[in-house]
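Protein chains in written order, with this note's numbering: chain A, 1 to 78; chain B, 79 to 156; chain C, 157 to 889; chain D, 890 to 1109.
Hints were generated in silico from the structure; no laboratory data involved.
Hints are supplied without guarantee of correctness; some may be wrong.
[What the hints assert, rightly or not] Footprint (simulated), chain A over chain D, 3 or more residues, beta carbon under 8 angstroms:
| no. | region |
| --- | --- |
| 1 | 944-955 |
| 2 | 992-1002 |
[What the hints assert, rightly or not] With a straight-line Cα cutoff of 20 angstroms, these simulated EDC-like cross-link-like pairs (lysine to aspartate or glutamate) come out:
| no. | chain 1 | residue 1 | chain 2 | residue 2 |
| --- | --- | --- | --- | --- |
| 3 | B | Lys81 | A | Asp49 |
| 4 | A | Lys3 | A | Asp49 |
| 5 | C | Lys208 | C | Glu411 |
| 6 | A | Lys11 | D | Glu993 |
| 7 | A | Lys11 | A | Glu23 |
| 8 | A | Lys20 | B | Glu122 |
| 9 | C | Lys655 | C | Glu199 |
| 10 | C | Lys655 | C | Asp529 |
| 11 | C | Lys412 | C | Glu494 |
| 12 | A | Lys20 | B | Glu113 |
| 13 | A | Lys3 | B | Glu126 |
| 14 | A | Lys3 | B | Glu136 |
| 15 | B | Lys89 | C | Asp454 |
| 16 | C | Lys568 | D | Glu994 |
| 17 | B | Lys81 | A | Glu23 |
| 18 | B | Lys137 | C | Glu199 |
| 19 | A | Lys59 | B | Glu101 |
| 20 | A | Lys3 | B | Glu148 |
| 21 | C | Lys208 | C | Glu494 |
| 22 | B | Lys89 | A | Glu58 |
| 23 | A | Lys20 | B | Glu136 |
| 24 | C | Lys204 | C | Glu175 |
| 25 | B | Lys137 | A | Glu72 |
| 26 | B | Lys137 | C | Glu175 |
| 27 | A | Lys11 | A | Glu55 |
| 28 | C | Lys204 | C | Glu674 |
| 29 | C | Lys204 | C | Asp454 |
| 30 | A | Lys11 | D | Glu1031 |
On a predicted model such as this, the values are computed, not experimentally measured, just so you know.
The beta-carbon is built from N, C-alpha and C at its ideal position, and this holds for glycine as well.
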Amino acid sequence: MAKVRVLIRPKGGILDPQGKAVERALPALGFEGIERVRVGRMVELEAEDPERLPELCEKLLANPLIEDFEIENLDDGA
Amino acid sequence: MAKVRVLIRPKGGILDPQGKAVERALPALGFEGIERVRVGRMVELEAEDPERLPELCEKLLANPLIEDFEIENLDDGA
Amino acid sequence: MTVEVSRHRELGLTDAEYELVVEKLSREPNGVELAMFSLLWSEHCAYKHSRKLLRRLPTEGERVVMGPGENAGAVDVGNGHAVAFKVESHNHPSAVEPFQGAATGVGGILRDVFALGARPIAILDSLRFGELDSERSRFLLDGAVRGIGHYGNSIGVPTVGGEIYFEAPYEHNCLVNAMCVGLARQEAMVRAAAAGVGNAVVLMGASTGRDGIGGASVLASAELGDGDEAKRPTVQIGDPFEESKLLECCLELLEKGLLVSLQDLGAAGLTSSAGEMASAGGVGIDLDVARVPLREADMEPFEIIVSESQERMLGVVEPAKVPEVLAVCERWQTGAAEIGVVTGSGRVRVLRGAEVVGDVPVEALVDGCPLYDLSPAEPNGWIYGNRATLDSAAPAEETLLALLSSPSIASKRWAFEQYDSVVGSRTVRRPESADAAVLAIPEAGNAIAVSIDGNGRRVACDPYAGTVEAVLECVQNLACVGGEPLGLTNCLNFGNPEKPATAWQLERAVSGLADACEALGVPVVSGNVSLYNEGPDGPIYPTPVVGMVGELPEPGRVTGSSFAHEGDAVALLGPFAPSLAGSELAKLRGVLGAGLPSPDVSAVAEACATLRDAVRAGRIASAHDVSDGGLACALAEGAIGAGLGCRVDLAPLVERGCSAEEALFGEGPGGFLISGDRAALESLAADGVEVLVLGEVGNGSLDITAGEQALVVPLAAARTAWHSLAGRVEGAA
Amino acid sequence: MLWGVVQFPGSCDERDALHACGQAGEARLLWHEERDLGGLDAVVVPGGFSYGDYLRAGAIARFSPAMEAVADFAAAGGPVLGICNGFQVLCEAGLLPGALLLNEELRFVCRQAELVAAGAESPFTAGIEPGERLSIPVKHGEGRYFAPPEMLDRIEANDQVAFRYAPGHNPNGSARDIAGVVNEAGNVLGLMPHPEHAVEALTGSVDGLRLFEGVSRVAA
Ligand SMILES: Nc1ncnc2c1ncn2[C@@H]1O[C@H](COP(=O)(O)OP(=O)(O)O)[C@@H](O)[C@H]1O
Ligand SMILES: [Mg+2]
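Bound conformation, chain A alone (with noise of 0.2 angstroms):
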């Protein structure tokens, strides 16, 4: 089994309320200094045939028409 990380993003120029909502709440924290937030999901999984996992990732994990995604391979020692 490969284990694996998918990451899955907002495509670029696409409104991220998530990552705005965390700019906005900064301040009252008292951080300053933090930019350019994105929110996304991280999907993280075994497989036995990792092969497939591009075609998973376009089919079921990330819609192409809003999200990016990107596969680590775990294993070796990334």
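Dock chains B, C and D with the ligands against chain A, hints included.
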């Protein structure tokens, strides 16, 4: 500014309804041999002072009662 | 022995209780048995400080189908149908993790209702937080509201009503009470009693993990080794998707007559469900923990039998029907495992495969816990703090705006818009459109009205009168939509009953509840008790929350709480005797103290009957009960909702001796603000109920005269104040 | 006129949809594992939370056997109505353009919404004049309509916008106030507001009934 990625995942032992729902759906979609699906969140940001990020995670980005977080520095080629 | 002694204490059992366990078993309990006893003999499961008091509540009535003791109460709504309902608290989990705490609170009360075979058709929520200027209160409020919405919206049950109050004593111990209302065909309903020696015990729904293994974690640290992070008990996470499937599955099983009985798994998990089912049926149950589907493979038997993992139900099934039951579960993609059998032993035995790991008599486990008498003592005066935020010399206009924007009075739209209030196609009156929510019941050819009420501050001022008022407010809210009470549920949220002052509050409140129900002829069909609600500064306000279901014949006739037409007369109906004692204004001025006027229950009941008939006959255009903030706030609410001002003179109240302030802002039970055709309103007095015409609807402002005081507030200003909650929650966040 | 209402595990508005369809014809539930749509004249993919929607609303539901059959039904010109979550399912399945994102305010919102008919032609909008206003509830947490600007231009140029939120009534930050769109052929309509919750005066409004009656009239 340091580019940083925060990975937030349900703590071990905590029910992860999202991961469970995805895992259950996979066989019907023709994906066999995928296990241990855990769904979490990813926050990417740029920070002037990355030292304070653990505090930010505990206070705002993650819920320490039910989530673990991990901070990845994206600048030094990780 | 010394180890054992410290363990039972850490598990919450007193030495005497532990001795009693040893006596009942005729030996020392092992770890599994100790876990079982400590949970079932906890306050939460055994009601050891409240059960004797609760015996005072009237529980019988012609329309009662199921009373206290079942998973929920149920009343007859006609045509072979029953309405099941219950309110329950999830205060402590919500104070730790408000989103999941509130979500699982909703999930739990839904299971109580569908355990009877009733399809949930409505949720109501009653919430208490510290003052809104506290960051912690806003965090808890936001989480709790999101959590309730998340669960109810996802599972497709409308949240149709509720209430939210903000008072400093709830700062550390918020209250999250959820009520569920369900509808059943009486024929398809089941009780929770296990029956039939040899019948199978089937666990349905989610797999079992280490959720909420509260006090029993002591055993975890003793038996599993300290510092084992991953094995520490964890917060319960709700999964409405799982519950949605479980709900449909259970209802289908009951419709098909495949279950002998059904019970939800709540506090203390399998132990309490199995124990209570066996006790109710006078039988025994064997459970094999090796057959329980687990989320984590390495769980110990004691963890499995006390786990509070959500979204699980326990069914008793005749052996021949087991395959069909499993097939229905399969179709709904809900887990199901035959984990045990009904026995004639009168014991709950816990097995791991062939090995017996626990064996206790059902009677000792479920009914053996000693019940305690309270040692009440009336405290000396007002035991809570006071904080002035409004100058007592403030002009009447400013006072009215301060009251309207006080978060306990301000519109709760910010909250209820986060709830789906329309799913199910029954919601005839949504939040804020009338004093009670109204749901059509075409199955019985009528409708029900539901409301949940309880002003803890007034109960703190006078636990007896305040609790009577909570019941009256609920009855009044139903009357505003033409509803007649069928039954009552309640949740008693109090502090530590071992303290004499809290014991006194509890004792007085239960007396008030009992007397009010008796006088009104409304049976108590279900309820819940939550004690030990305390913060570092002391107990919460004593907070009995009352939920009611009423019946009305024709939902199409229901009026709203806002004025309807320009030029309509405005009148006060009922025996309203306003006082500043315990009022929102007294709070803002920081002058709260002990004592409330005594309510006249039968006079209020008569006014309710008159109003109910008038609404049903379509004789009035709007009805709103006068509650928090007094007549001036009731008038403002009627006006804001309509976008129509009003011009009224409270002279009739002043003439009988009310001060201008009492007439404007005084509170108390028994008052209704009604509007409509003047002659029609006046004719209501023929029943002997007082009707005072005060003025008329119209003009763009609130124009109110009371003796020497006169105030004119533009409608827009009143609206801004009343809708200020969202800005204050979000703006500060 | 026989309507089919798709039922997924965890969906929750299917009974309401069934009730609404029942006022404009006959209706039956279509279990998510069914592939046979024989005899159906129109299909509703209802709102609710199919499969929990934990990943992304509608993401899992669109792969169900019933949805495969619905895609074929739509391709053959059959009328298909996706409401709320059903709209999301149809977008995920590529039967409708665009996607639905988290509400801009990041909160679930349930309220009566004012819609304006935007002129798209479809069986569902058959009796509704462009510019007419309808009062229909919305209730969703993920209903912000999104499509890239070129796609939005194209949809508008093709008259595929069926409903917009009336000015000042956009509850979720939807692009160009879009509340509902049709496919190019006009036989598939998706919208976030819930017409099935607006079919009786008793519960608030009858404006939603017109969408169901429209199809029945066209089919008759
Ligand atoms: N937490 C809540 N959830 C749902 N509805 C609420 C909530 N709080 C208040 N409401 C609704 O707002 C309206 C006004 O509430 P409230 O002031 O408590 O009414 P009343 O004074 O008539 O008891 C009611 O329709 C009530 O159901
Ligand atoms: Mg109230």
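Comparing the hints with the structure gives:
1. 944-955: Holds: 5 residues of the region 944-955 of chain D have a Cβ under 8 angstroms from chain A.
2. 992-1002: holds (count 4)
3. B:Lys81 to A:Asp49: 32 angstroms, violated
4. A:Lys3 to A:Asp49: Judged against 20 angstroms, a Cα distance of about 10 angstroms means the pair holds.
5. C:Lys208 to C:Glu411: 37 angstroms, violated
6. A:Lys11 to D:Glu993: 16 angstroms, holds
7. A:Lys11 to A:Glu23: Given that 20 angstroms is the threshold and the Cα spacing comes to 18 angstroms, the pair holds.
8. A:Lys20 to B:Glu122: 12 angstroms, holds
9. C:Lys655 to C:Glu199: OK: Lys655 of chain C and Glu199 of chain C at ~15 angstroms, within 20 angstroms.
10. C:Lys655 to C:Asp529: 12 angstroms, holds
11. C:Lys412 to C:Glu494: This hinted pair holds, its Cα atoms lying about 19 angstroms apart.
12. A:Lys20 to B:Glu113: 34 angstroms, violated
13. A:Lys3 to B:Glu126: 33 angstroms, violated
14. A:Lys3 to B:Glu136: It is violated: about 27 angstroms lies between the C-alpha atoms, which goes past 20 angstroms.
15. B:Lys89 to C:Asp454: At roughly 17 angstroms apart (the allowed maximum being 20 angstroms), Asp454 of chain C and Lys89 of chain B satisfy the hint.
16. C:Lys568 to D:Glu994: 17 angstroms, holds
17. B:Lys81 to A:Glu23: 15 angstroms, holds
18. B:Lys137 to C:Glu199: 34 angstroms, violated
19. A:Lys59 to B:Glu101: 14 angstroms, holds
20. A:Lys3 to B:Glu148: The given pair, whose Cα atoms are some 17 angstroms apart, holds under the 20 angstroms limit.
21. C:Lys208 to C:Glu494: Roughly 37 angstroms separates the two Cα atoms, so the pair is violated.
22. B:Lys89 to A:Glu58: 27 angstroms, violated
23. A:Lys20 to B:Glu136: Within the cut-off at roughly 18 angstroms; holds.
24. C:Lys204 to C:Glu175: 17 angstroms, holds
25. B:Lys137 to A:Glu72: 28 angstroms, violated
26. B:Lys137 to C:Glu175: Answer violated: Lys137 of chain B to Glu175 of chain C is near 46 angstroms, above 20 angstroms.
27. A:Lys11 to A:Glu55: Since the Cα atoms of Lys11 of chain A and Glu55 of chain A sit roughly 18 angstroms apart, the hinted pair holds (cutoff 20 angstroms).
28. C:Lys204 to C:Glu674: 24 angstroms, violated
29. C:Lys204 to C:Asp454: Violated, at about 34 angstroms.
30. A:Lys11 to D:Glu1031: 17 angstroms, holds
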